[in-house]
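For the record, the sequence lines run as chains A and B.
With this note's numbering as the guide, the letters of the first sequence map in order to residues 1 to 365.
With this note's numbering as the guide, the letters of the second sequence map in order to residues 1 to 271.
Certain hints may be false.
[Claimed, not checked] Beyond 10 angstroms from chain B on every Cβ pair, some chain A residues (computed):
(1) Thr22
(2) Ala88
(3) Thr91
(4) Asp104
(5) Leu156
(6) Asp177
(7) Gln178
(8) Gln192
(9) Gly227
(10) Ser239
[As the list claims (entries may be wrong)] A few chain B residues that face chain A, going by a derived Cβ cut-off under 8 angstroms, partial list only:
(11) Asp140
(12) Lys150
(13) His247
[To be verified] Okay, the calculated beta carbon distance ranges per label pair:
(14) Glu236(A) with Asp4(B): 57 to 67 angstroms
(15) Glu151(A) with Val186(B): 21 to 31 angstroms
(16) Ala62(B) with Thr347(A): 48 to 58 angstroms
(17) Val115(A) with Glu137(B): 25 to 35 angstroms
(18) Arg50(A) with Asp128(B): 23 to 33 angstroms
(19) Ala122(A) with Val186(B): 23 to 33 angstroms
(20) Gln276(A) with Pro65(B): 54 to 64 angstroms
(21) Ala122(A) with Asp43(B): 53 to 63 angstroms
(22) Gly41(A) with Asp128(B): 28 to 38 angstroms
(23) Val186(B) with Gln178(A): 48 to 58 angstroms
(24) Pro130(B) with Glu126(A): 34 to 44 angstroms
(25) Val115(A) with Pro65(B): 34 to 44 angstroms
(26) Arg39(B) with Ala17(A): 39 to 49 angstroms
(27) Arg179(A) with Ala62(B): 43 to 53 angstroms
No wet-lab data here; the hints were simulated from the structure.
C-beta atoms are modelled at their ideal positions from N, C-alpha and C, and glycine is treated no differently.
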Amino acid sequence: MTPPSVRGEEPTIDRLACGVLTVDASGIVTYANATMASMVGQDREEIVGRHIDGLLPASSRIFFSTHLFPLLRVQRVAEELYVPMRTADGTEIPMLLNGRARDDGAYFTFDVVVVPMRQRDAMESELVAARNAAQEAAAAEDRFLSIVSHELRSPLASVVGYAELLLRARRGPLTDDQRVYLERIRDAARYQTTLIDDILDFAALGGSRDVAPTLIGLEDVLARAEGILAVRADAERRSLVRRLRPAPGVVRADPRAVQQILLNLGINALKYGAEQSPIEIGTEHDGERVRIRVIDAGEGIAPDQLERIFEPFVRIAPSAEGSAVKGIGLGLAISRDLARAMRGDITVSSVIGQGSTFVLELPGR
Amino acid sequence: MSTDVLARNNVTILGRGTQPMVFVHGFGCDQNMWRLVTRAFEDDYRIVLFDYVGHGRSDRGAYEPERYASLDGFAQDILDVVDALDLRNVILVGHSVSSMVGVLAINRAPERFERLVMVAPSPRYINDPPDYHGGFERSDIEGLLEMMDKNYIGWAGVLAPMVAGNPERPDIGAEVNTSFCSTDPVVARQFARTTFLGDNRKDLVRLPVPSLVLQCSEDAIAPQGVGEFVARVTPRSTFRQLRANGHCPHLSHPEETIAAIREYVAAPTAS
Chain A
1 MTPPSVRGEE PTIDRLACGV LTVDASGIVT YANATMASMV GQDREEIVGR HIDGLLPASS
61 RIFFSTHLFP LLRVQRVAEE LYVPMRTADG TEIPMLLNGR ARDDGAYFTF DVVVVPMRQR
121 DAMESELVAA RNAAQEAAAA EDRFLSIVSH ELRSPLASVV GYAELLLRAR RGPLTDDQRV
181 YLERIRDAAR YQTTLIDDIL DFAALGGSRD VAPTLIGLED VLARAEGILA VRADAERRSL
241 VRRLRPAPGV VRADPRAVQQ ILLNLGINAL KYGAEQSPIE IGTEHDGERV RIRVIDAGEG
301 IAPDQLERIF EPFVRIAPSA EGSAVKGIGL GLAISRDLAR AMRGDITVSS VIGQGSTFVL
361 ELPGR
Chain B
1 MSTDVLARNN VTILGRGTQP MVFVHGFGCD QNMWRLVTRA FEDDYRIVLF DYVGHGRSDR
61 GAYEPERYAS LDGFAQDILD VVDALDLRNV ILVGHSVSSM VGVLAINRAP ERFERLVMVA
121 PSPRYINDPP DYHGGFERSD IEGLLEMMDK NYIGWAGVLA PMVAGNPERP DIGAEVNTSF
181 CSTDPVVARQ FARTTFLGDN RKDLVRLPVP SLVLQCSEDA IAPQGVGEFV ARVTPRSTFR
241 QLRANGHCPH LSHPEETIAA IREYVAAPTA S
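Isolated chain B (complex conformation) (with noise of 0.2 angstroms):
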């Protein structure tokens, strides 16, 4: 069972240390996203990535409809990579969706956690009048998915290749495999629904672990607004703004990330 998961999600350990790090890419890509910042906690943590069954290198053929229909497919995707290296004490690290992602995970087996840090999180993308802003309207949503539609058509094709190598650069073709973004059309599309049309608010209140919130400065999918509520309304949570603009501090500005994030698990947890 264990290797099948190993397997299914494309698990890759990387590090020196004990305590176990778990990195989850978000909507759009894959585990490749954090290439940038997991270097810099190899000396003292057991890394974990992996990719969320449909993505990347995971096993397609293991993508059912009916579990990925909602979050807490992805979130058992999390428990399976965690139950089947046995991890205890994880520091959970999502990206955008995944930090929703990882509050559903982490709401149901809260022993194997220990903190949660998450990156440009939002729980609701949607607008809901008249107190929560979240940047979106439903149409916006459609035009999302009509682009990816568009954009799907002939992704294998178009996107596959261009990773394979880069002629200026092949040390880079070479280290970003090739499946990067190549997530599978059908699957892009549910994700895009299961993100953006979820509202998640209320499983933040009920988080049993610290965490912390990471707001990007000009984030066009997670405004201002939203971080301070996820850190607001989830208990024991900390806030911090980045200088960072944009949705992926990780890619746009590693450094300023790894700051924030080291800061704050080296600090003890006051539980």
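Excised from the complex, chain A in its bound form (with noise of 0.2 angstroms):
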């Protein structure tokens, strides 16, 4: 088997720094050159004539006849194939493996050479066990979503449905105040299923989320985020203030979305404003673009914090009162996507001590 070599020099085959195998159709070993024998620690003699089982650990053993075999049987080439291979003490050594059948019509030999990867085996390993856990940990975020969507929306399903039943008046008239009421109910529990649908949005999506822009009355899109924002400003004794109404102009913008921006950057600055204070909202339009200023007059932002308040998860600290600081972070992060998707932006201003502006920026035609 061994190829003839001239006397005293080592034939170049067993020189190569690689092993090579050839084995037969059974998977015996019919041929193993001198690197082979010594990578495994055994000599030439023990490997030649025994089954090529003999040279790999058990889960090698495995993915031999699963894999391998059939592969180099029917396909006739395999690749790049990481096998470890296990020396006569029991060490394993990674091995790159590369093989070839060959067909000499009724016997059926495969070729096969084999390096080894100690090195890029520990890498591997590392990107394999990062990518198995970046896996298990996105589908427990999926798992952990899913049913915190469904716990979130089944109430406000409920909600929207009996406010809309009621509306309908079948139950006996209604006066205007409770129709206005109930509309405000069914607005906000809608609002909040939008928002959780975002939430599970942003989540799923990294942040990003379609919007489709249209052409829309800046006063109508004002007028109904006040219209919910007003009736917690009220629970909680603080007055909206505009200095202009109706404003004037038109925004090209996601409806949705837009009112979403501005719910969310409301309910910022009452959460965030000193008590009583009031939330003042402010527009400008200059033809190209619409600004939409939402004025707080509360604690102020760090400049260190500024941008921070933008990414996902941040909140800024409680106040020295330790009001609790409600909501998971994610507010200002998915207005700003949104904002940024429609060709608009977010920014803020703020003063320690005075308070706060957001600015939506949308464009204005």
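Put the complex together from the two separate chains, hints included.
Next comes the structure, spelled out in structure tokens:
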């Protein structure tokens, strides 16, 4: 089996920096070069004539039988396969294997070369471990989100449904006040449903979401958001102040998205503004761009925090009084993504001790 | 429904006979595993081949992790194909883990099947001392999963193109479809777990049809004692020792495998 050699000199095949094996259709090793023998710490005579299983740890034996052998037999080529081999003392050597099938009529053999890949193996192990961990984390997150979304959305469906049932006035006439209140209940519940969907979207899509901008009246957008915010403002004995009513002009935006942004900015202003201080909403329109300002008289935001608050899951620390900050810190991140998706933006300026101004800028035509 | 299943499982029908022989591939590959064996039966039988969902050229979109989390999901694939073609008196031939999948399928719908041929079967791969030697420890299976992870990293890129053609033997490239062994990595991983960590010993004892156990010599996956165990605990089971060694006699020693199957299916069933 061994190729002829010049006296005193090893044949080339035995000096190669890779193991060479020939294996017959039964898996019996019919040839091994000297490099192969020394890599596994055995004499050539111990390898040749025996089954290749003797050179493989258990996991590789399964892989050989279920993948490598069928691959070589049917496909006749196998390349870049990771197949650990085993030395005489049981130590595993990670190997990279290439193989080809040779078919001389009835006689069928595989020619195989193997190269140890210890360092690459360590690196690939890390890669695989990192990838598996990431996949498991993503799966866990998906499960969590689907449970959360179900638990949060189901009660809201009841709220919206029953509010609409009452609004149909089949159970008796409604006063104007009752109608307005029911509409606000319904709108608030719908808004919250949207918000939950968006949190899920944000998580699923890494923050981006499809928007469908269209031309809408600026006053329509503001009035609708204010209607919902007013309920909360009233409850906290705060007031919403608007300088210019009705606000003139149109804005090119996705109505659902712009409402969501305004509600988010408004709720933040209520959350972080000083007790009983008003929330001011202003607008500017120069034809090209529309700016909607939401101004609170709160503690303000430190300069080094101004950009951080737009990052997902970041919230400003609770104030000294220990008032718990509600929410999960996605609102501004989602809002800015939405604004940018509509070719707009959200910016903030703040003076410590006086308050903050958030500006939603959108295309005006 | 029936055409859906035929497309979903990439069903191939060959042969000029009437009695159906359904060949089922094991873990690692697809229906091409049987290509050296099926020709011998084409004159006398109706040959049905298919790929499990997630394997070969099946519809990968139909893969549901919950369904295939146990061998029952794979057994359902067999039953779906048998139903779709309305097959009766089926001779089922399963390789490796698909011997057990076949047992599960027949246990659920015995009226469809005449007999089962188990090629290199094992009802449990993990040792269960002191009386049962499956050949492996749990850590070996973890090692296999790690190996698969590393080899499947570039599975699509590394393995798929090679099947497209063989420069020296273009006929073979054409014959072997372009998806040989290109199992989806996620599918392969789950199938490996389901296969090698499972235990189907108790399912053997109620197999309602006669069966043949083909035991290879020096089989690293299904050791000698395992085939003997299967034939011993399964009612009306015939044990046959092959000279063929390894785990894939239908690939390594097709002639001997054909002869063994032919001899068994030609004999009348004693039912």
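Against the structure, the hints come out as follows:
no.: 1; hint: Thr22; result: 15 angstroms, holds
no.: 2; hint: Ala88; result: 18 angstroms, holds
no.: 3; hint: Thr91; result: 14 angstroms, holds
no.: 4; hint: Asp104; result: 13 angstroms, holds
no.: 5; hint: Leu156; result: 29 angstroms, holds
no.: 6; hint: Asp177; result: 52 angstroms, holds
no.: 7; hint: Gln178; result: 48 angstroms, holds
no.: 8; hint: Gln192; result: 32 angstroms, holds
no.: 9; hint: Gly227; result: 45 angstroms, holds
no.: 10; hint: Ser239; result: 54 angstroms, holds
no.: 11; hint: Asp140; result: 4 angstroms, holds
no.: 12; hint: Lys150; result: 4 angstroms, holds
no.: 13; hint: His247; result: 4 angstroms, holds
no.: 14; hint: Glu236(A) with Asp4(B): 57 to 67 angstroms; result: 59 angstroms, holds
no.: 15; hint: Glu151(A) with Val186(B): 21 to 31 angstroms; result: 28 angstroms, holds
no.: 16; hint: Ala62(B) with Thr347(A): 48 to 58 angstroms; result: 49 angstroms, holds
no.: 17; hint: Val115(A) with Glu137(B): 25 to 35 angstroms; result: 28 angstroms, holds
no.: 18; hint: Arg50(A) with Asp128(B): 23 to 33 angstroms; result: 28 angstroms, holds
no.: 19; hint: Ala122(A) with Val186(B): 23 to 33 angstroms; result: 25 angstroms, holds
no.: 20; hint: Gln276(A) with Pro65(B): 54 to 64 angstroms; result: 55 angstroms, holds
no.: 21; hint: Ala122(A) with Asp43(B): 53 to 63 angstroms; result: 55 angstroms, holds
no.: 22; hint: Gly41(A) with Asp128(B): 28 to 38 angstroms; result: 33 angstroms, holds
no.: 23; hint: Val186(B) with Gln178(A): 48 to 58 angstroms; result: 55 angstroms, holds
no.: 24; hint: Pro130(B) with Glu126(A): 34 to 44 angstroms; result: 39 angstroms, holds
no.: 25; hint: Val115(A) with Pro65(B): 34 to 44 angstroms; result: 36 angstroms, holds
no.: 26; hint: Arg39(B) with Ala17(A): 39 to 49 angstroms; result: 43 angstroms, holds
no.: 27; hint: Arg179(A) with Ala62(B): 43 to 53 angstroms; result: 51 angstroms, holds
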